[in-house]
Every structure is written in structure tokens, then in C-alpha cells.
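Keeping their order, the protein sequence lines are chains X and S. Per my numbering, residue 468 is the first one in the first sequence, and the count goes up by one each step. Per my numbering, residue 611 is the first one in the second sequence, and the count goes up by one each step.
Quick caveat, the hints were computed from the structure, so don't treat them as lab data. Everything numeric in this text was worked out from a predicted model, so none of it was measured. Where hints are given, some of them may not hold.
For lysine to aspartate or glutamate, the following EDC-like pairs were computed, each having C-alpha atoms within a straight-line distance of at most 16 Å [unchecked claim]:
| hint | chain 1 | residue 1 | chain 2 | residue 2 |
| --- | --- | --- | --- | --- |
| 1 | S | K626 | X | E606 |
| 2 | S | K779 | S | E794 |
| 3 | X | K780 | X | D868 |
| 4 | S | K692 | X | E844 |
| 5 | S | K615 | X | E844 |
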Amino acid sequence: MDPELKRLSQFDEEIQKIARQFRLDCFPQEFDVIPAQKMLEILAYRFPVNFSHWSFGRDYEREKTRYEYGFGVPYEVVLNSDPSRAYLMNTNPFPVQVMVMAHVYAHNDFMKNSFYFRPTRRDILPSASEAAIRFQKYEKRFGLEEVEHVVDSGIAIEVNIDPDFFIREESEEEQKERLSTPSARPEIPGAYDDLIARKKPDRPPSNHYDKKTPLEPERDVLLYIINHSPKPLREWEKDVLSVIRDQSRYFMPQRRTKIMNEGWATFWHMKIMDRLFKEGLLNAEEHGYYNLYNARVLATNPRMPNPYLVGLKMFEDIEDRWNTGKFGREWEECKDPKKREAWDLGLGQGREKIFEVRRRFSDRFFIEEFLTEKLVEDLDLYLYEGKQEHGEIRYVISDRDWRRIKNLLVSQLSTFGTPLILVEDGDYKGKRELYLKHAFEGIELDQEYREKTLERIFYLWDRPVHLESVVDGNGVVFSFDGTSHTSTKNP
Amino acid sequence: MAIKKQDWRLSQRGLKDAARHRQKIKESIQKNIAEIISDASIITRKKGQIVKVPIRGLKTYHFIHKRESSGGTGTGQGEGEKGDVIGRQPTPDRRPGQPGEQPGVDFLETEIDIEELIEMMLKDLGLPNLKKKPFAETVIPKGWRFESIEKKGLIAHLDKKRTLKEAVKRTSAFLGELMRRTGETEESCRKALTIAKGDLLRAERILREGNLSEETQPFIPLFSEDLRYRTLERDIEYQSNAVVLAMMDVSGSMGTMKKYLARSFFFWLVEFLRQIYNHVQIRFIAHTTEAKLVDEYEFFHRGESGGTFCYSAYDLAIHLVETEYSPVRWNVYPFHFSDGEDFDPMKTVASTKRLMELGVCMLGYGEIQADPYNASRLMDAFENQLHLEKRHIGTGDFRVLFGTDQATPFLGAILKEKSHVYLALREFLRKEKGS
Chain X
468 MDPELKRLSQ FDEEIQKIAR QFRLDCFPQE FDVIPAQKML EILAYRFPVN
518 FSHWSFGRDY EREKTRYEYG FGVPYEVVLN SDPSRAYLMN TNPFPVQVMV
568 MAHVYAHNDF MKNSFYFRPT RRDILPSASE AAIRFQKYEK RFGLEEVEHV
618 VDSGIAIEVN IDPDFFIREE SEEEQKERLS TPSARPEIPG AYDDLIARKK
668 PDRPPSNHYD KKTPLEPERD VLLYIINHSP KPLREWEKDV LSVIRDQSRY
718 FMPQRRTKIM NEGWATFWHM KIMDRLFKEG LLNAEEHGYY NLYNARVLAT
768 NPRMPNPYLV GLKMFEDIED RWNTGKFGRE WEECKDPKKR EAWDLGLGQG
818 REKIFEVRRR FSDRFFIEEF LTEKLVEDLD LYLYEGKQEH GEIRYVISDR
868 DWRRIKNLLV SQLSTFGTPL ILVEDGDYKG KRELYLKHAF EGIELDQEYR
918 EKTLERIFYL WDRPVHLESV VDGNGVVFSF DGTSHTSTKN P
Chain S
611 MAIKKQDWRL SQRGLKDAAR HRQKIKESIQ KNIAEIISDA SIITRKKGQI
661 VKVPIRGLKT YHFIHKRESS GGTGTGQGEG EKGDVIGRQP TPDRRPGQPG
711 EQPGVDFLET EIDIEELIEM MLKDLGLPNL KKKPFAETVI PKGWRFESIE
761 KKGLIAHLDK KRTLKEAVKR TSAFLGELMR RTGETEESCR KALTIAKGDL
811 LRAERILREG NLSEETQPFI PLFSEDLRYR TLERDIEYQS NAVVLAMMDV
861 SGSMGTMKKY LARSFFFWLV EFLRQIYNHV QIRFIAHTTE AKLVDEYEFF
911 HRGESGGTFC YSAYDLAIHL VETEYSPVRW NVYPFHFSDG EDFDPMKTVA
961 STKRLMELGV CMLGYGEIQA DPYNASRLMD AFENQLHLEK RHIGTGDFRV
1011 LFGTDQATPF LGAILKEKSH VYLALREFLR KEKGS
């Protein structure tokens, strides 16, 4: 066994011991030491083996360039599976490997214990490599471009799926049953209920739901198209789209807990690394090396908050507040800065609190609940806008008000940064055209991306597609009929 | 063991898909090549430099919120006051299939060098790669020169050095033979050979009879078969030269856009000729009512008020061809751009005819009609006087006019927008290929 691997194994055991002392609760953890090329491939393809697509190739090349120019922060990939699987790049210096391992154990704990990760399939790895083989067969049989078209289109709406899929999984029959008996209609809470007022029809005629499709506005646009496209989609096309949808569902928990998950992992890797140094297992030089890389992980980006840094500072703040009792009515109402400064009720509930937060919260509620005015200041967050001036676009800081910053973050995180699109009618005008609705939450859609995405949906639906949205405060319906884009005012 | 180091058989998937992405980029370039070749960032580079064209990576589309670059609001992190600029980028130049860039994570830039771009254009044109064709060569007589060495010839062409060399060679062979046959020293043999005046048999006899007189000085005798003469041959040189005589109206009516079109065209013309000829020169003739030789910078940046006599440029071109660029040695490509305004089109036609009579490869005239209301059109005069044939190319309003016989290597093009530069080049190359 090569000596570095042996030393890594010793550290692995040591880290596990420390993690247990910190009360982290992990799946069994497996590490693979892999060459850089493989790591870059996993980053681009999301899995160790996945189906082929030019966009993965593009990302692979981009990751490769970043790696070769030394831009990247230490690469870390950990997959949500049982046992948990993570990768270490063989070109990383030893102390960086140790840092990544410590970081991975905290991710592992997060994924095992977060409420949002519970319903995910932990057998995704073999299913991705099986899909790779099937897609290859499709390429041979139906042609590369055919398959590419379907993948392009599927990827275009891969995030337009139901984020709460694990709460509400009912068949259409059950759905019809539920909707037709108004008295027995249970109100099922969803992530967007505060954003979209659900329609409450006044006792629809008894046959109302016989023809209606979808029965109620459908969040899973991709699934709806797979099941209802009048094209009709062939079996292999449905397979391709289903694979894309499954992978997207698999990553949904990561998408909605990015800040928390990275913050949590950073919080613990710092604690574990300090312990290893104190125990004399890492020498000063190695610890210095680690500090250098850790600083890169925590570097700020002028155009996007760093989730590692934001999450870390928030967990530290929560721990401190619940240790000292800086919460509740008395604390809120105290306006005396000196008193606030010296506030310490000696509760010591910090550790317990952060473990509870990691179990119950998603980013949206995490930010809403725990991002304080002081944190916004300490984290140097701001709002910015792009302005066209002198033949260039200038990005200018537009606001430092903590409430508005928080509001924007919360509204972006409500839909994980992507707009919410619903299928309103799959038989629009009685001609099986597709009518989609953007649940407008105050931010308009990007025109270029909107048009291109509609074109891709058209490819799957093969009849005119419409999208209701808002531009400059006015309702507009955008349509694509296969050749041209049109828009009409929506009264 | 929780930590493994397996032998990873590296898949080629990443590389393969990356190649597919590049191929798709190429296809998208090919679709938009007319726009790309007239792109300013390519044309304003200096000649001879390796030019790279930035091409944006292809995007994966989905519904997204309005971006910060188009007026949306984003959150950022770092120091700075309200109003501080935290980043900037050039305004995206939107063109079909080449949408504006997205800041941040999705941005990717690829480079393609000019050779590759030209190759794509050739492919698009259905032309073979010119580089595979040997350079077009011109045979030029340069006078006479001594070519080979013969045993017979005029005494005036006697090559003394070579003759002496032959004599030495022969003498030493004789000496060796004498020494072998008689067993005498080299010096005695040399003396004997001298007395015998180079006759090998006589020298042998003299040696055997012992009739060597002491005072004989050895020398190397010359025989008629030692004589070598030089012969004369016609001297021919193979050359591969082309010159572009770039002519342009720089009077007030030629606006920036018109010059830009002319500039794009000249840039690509020179690039293409470089593929065919070893050596390509370009001379710049700017004219209003008078023509002047200028440098490249002045050519594109000078603007003068006043009238326009296009013939002045053609006359200067004729002068250049007669004094510096004889069509015997040079492949001459005069190209003229104007907006069609000419105070004396008939005189211009006459000068054009003279220039063609000198034997230029192709005379090009590009009329840039960016304004709908141009007074007189030089092209009309050319069309009538040179009996040109007119043809519409493509779906737009691009037209070319060309000479119908061998004596009229004329190509005229009417350019109205950027994409016409490419169409004009394409017609030019078609004609070149045909000839």
C-alpha cells in the first residue's frame, strides 16, 4: 500500500473519531482517490458515469481550463448515496485531501439527517451508468442528432418539476377523486403556497374534471409532457426524458439546501482541522497550507454571494446566539447597544440549535429565519444592477439596505433561483396546444432564454406552446408555433 | 478499506463530448459566417498577425429570470459603497444565433484561428482547400546564364579551371601507370612524361632506355580531351507574386460604414490571395478628384471634401502596373470601392479598359450603396460600356456584374450591408476558380 494512502487512511479514522465526538451522524463513507481528469469529468457529468451530451463536454472543457490555470478551489465531490461516496483528486496536496475528507463527513451527516434528503433515491449511481448504455444504443439506432434534440429539450425544462414531489405523490385518479369531493379536499401545503394563491373554484359541475387536463395547475411540466404530449413521444424519447427528470429530482435537495449544506460542511471541516492540528497530527507547515486553501474557499465574489462563507457565518452566528440567549422577545426589544454587546444568558444551547436547524430547514427558511441585520453587514452583502453606459455594461452597487437584500434572497430561494412555471392547460383552444403560466413573483423572465426554451418545449409537444407572463407590469402571452414567436396582451 | 485507489480506466467521454460541443460551435459559425467575417474585431488587426476570433460557447437554455445585464437585480458580496462599479463587460453585440453573453458561471469563450475560419469559408463555398493546390506560378525570363559544362565549344567560353583540373587528373593517372610498369620514381616518371609531351608509350620507352636529361623541368601537359567549355542557357525564374491595388474614393460622401465594408473586403481578399500566392503585396490608392499613393492608415482614415474623378485612381493604377508591377511578373488585382459618385464616368470607363488591356488578373469594382439616393452610378456606366452581365445572388438584394469575354476580366458588386462582403468575396473566388 502506498504510504500516502496509508497516511490518508489513518487520518480518515482520526476524522471519523473526531466527527463522532462532535456528534455528527454519518452513513458509512467511501473515498476514491482519482486522477484529475476523472474528477473534472465527474464535476461536468454530475456522476462518475453518465450519458453523453455536448453540454457536459462543454462543462468538462471549462473545468479543465479552470483547473489547468489554477483557478479552482479544492475540488470536492460527494454523492448522496448509502454508503456515501466521495472523490479525492490525486494531485491535491496532502493537507487539502484531509480538509476535503473532513468537509465530506459533514456533508454526509447533512444528507443523512436533513428532512429534504429523506425521499431521494440512494441508488442513482448504477441507474446513471445504465442510462449511459441505453442512450448510446439510441444514438446508434436513431442518430446522434435525434437523441441530442430530445436531451436538449429535456434539459431545458429539467428544473420545471415539482420540488415537493415527496410530499404529494398521487395518481391522476386519486387527484380527480380529491378534487371532485370538495368537502374532503385536504389542504396540502407546498413550498409556493405563500406565493401563488390556489384557485378555489365554486363547486364545479360534476363532469368538470372529466375533460380538464391537467386537473389543476401542474408544477411538474416535464412529467406532464412525458405523459401527455400529443406528438406523441416514442418510448425511447420518454425514457430519455425520464432519466433527465430522475436526475433532476435527485439533485433537488442539494439545490434547495446549497447555502446550508456548504456552510455546515465548512463549519465542521474548520473545527476538525483545528483539532487535528492541536493533536499534533498535522504539522505547522501543513496547517499553513490548509489555511491558504481554506481562505480560497471563503473568498467573496462581487456578483454572487459565496454559499460556503454565508452558510458558515450563519451557523456560527446561530450557535453563538443560542449559547448566549440572543433570541426571543426580550432580546428583540432591547435597544441598548451596550447591553446587547454584553448579552449572555449562559444558555449553552448553540450546538443543539444548529443540529436542529440542519435537520429541519431549507435555504429559503434558513435565510428568512436567521439572516440578521448584523450578518448582512458582516458578510458585506449588497444589491447590484447592470447599467448600459459608454458602450459597456457596468455593474453598480445599488442598495445596502439589509431588508431589501434579505427579501430578494428569500424570493430567489423560494424557487431556487429559477422561475416557477405551471401547466395551465394541455388542451388549449380545444386543439391540444400547451398553455403554460409563469407564477410571477416580481421578476421578469429573460427574453432570449424564454424564447429558446419555448422552442425546445415545442419540439417535445409538437403543437403551438404559449406562456403567460408579465412584462413591464402588463400581462403578456408569448407563443411559439414552430416558426415564429408572437406575443399578445393578456387582459 | 474506506479509501481506495483504483486503476481508473479513463473514459474518453469528456473529450468526445467536448469535441462534439466544438463541432456544434463550428456549425453555428458556419451558419453565421457572413456576419462573423465582417466583424470589426477581426478586421482591425494588423496584417500577418495570427488572428483569433472569440466564439461564445453554446448555451443550455431554460427559463431564467431577467439577468442583471439587462436591468435585473442581483445580490453580491464584498466591499464598496452604493454607486460603486463592481464589474463591467462589453455590450453584447447581438446577432442571429450568437446571442449576448451571460455573466458569471455560464460564460465560456472559445477561440478559433483565422486559418480555420478560412477553411470553413472554403468549405461553405464548395471550393477545394486552396492550400493543397500548388502555388500559382509565373515563368519569368531573366536573360542568360551558364548552365552546363561541355567538352566542345567556343574558345571564348573555355573554362580554364575545369580544364586544368581535368589535365591534373589525367596526368596523375598516367604517372601512376608509368610507376607501376617501370618501377621508377615519381620524379623520373614525371620527367619522362614531360619529354614525351604526355605520350604514355613514349615516356615508358624513354624510361626503359635511360635517356633522362637532368635539366628537364616537369610540367603538366594539356591534351585536347582535357578542354572544358561552358554553355549558355536562357535564364528563367518561377515567381508567385500578386499585388492588390486597393483603390478607394475618400471624398466626403464615403461614410464610416462604407469604408468599413471596403476594409473588410480588402482584408479578406488579401487573406485569400495569400493562400494562392507566395508573396502578396497591397498598395493603397486614395482618390477624390486626384489620386495619391497612401499608407494603410491614411487609406482608411482620411476623409476629404470635394468632387470625385474615379479615373484618377485607375490612371495611377495603370502607372503602377507599367512601372512596378508588370503583369509578366505580377498577378495584378486592382479593386476599387466607391459609392458610385463620379463626375466623369466615361473617362473612368476608358481608363478601366486600358488597365484591363495591360493584362490584369481581375479588375474588381465594389459600389457601396448604403444610401438609397445616390446621384449617378458608376456601375451603370460600366454595365453599359463593358457589356456586363448582371446577376442576383442569394435571397437579398445583392447583385454582381461580370464581363462576358476573356478580354473583360471584370467583376462588379453592389454592396448594401455587412453580409454582402462575404457574398462579394464568394463571387470573386468563383471567378478565380473558373479562370
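These are the hints, each one checked on the structure:
In summary, the hint linking K626/S to E606/X is supported, as the alpha carbons are separated by about 14 Å, within the 16 Å threshold. At roughly 20 Å between alpha-carbon atoms, K779/S and E794/S are farther apart than 16 Å, so this suggested pair is violated. Between K780/X and D868/X, the direct Cα distance comes to roughly 19 Å. Violation of the 16 Å bound is thereby established for this hinted pair. In summary, the hint linking K692/S to E844/X is supported, as the alpha carbons are separated by about 14 Å, within the 16 Å threshold.
For a cut-off of 16 Å, the pair hint linking K615/S to E844/X is broken: about 45 Å separates their Cα positions.
In summary, the numbered hints that this structure violates are 2, 3, 5.
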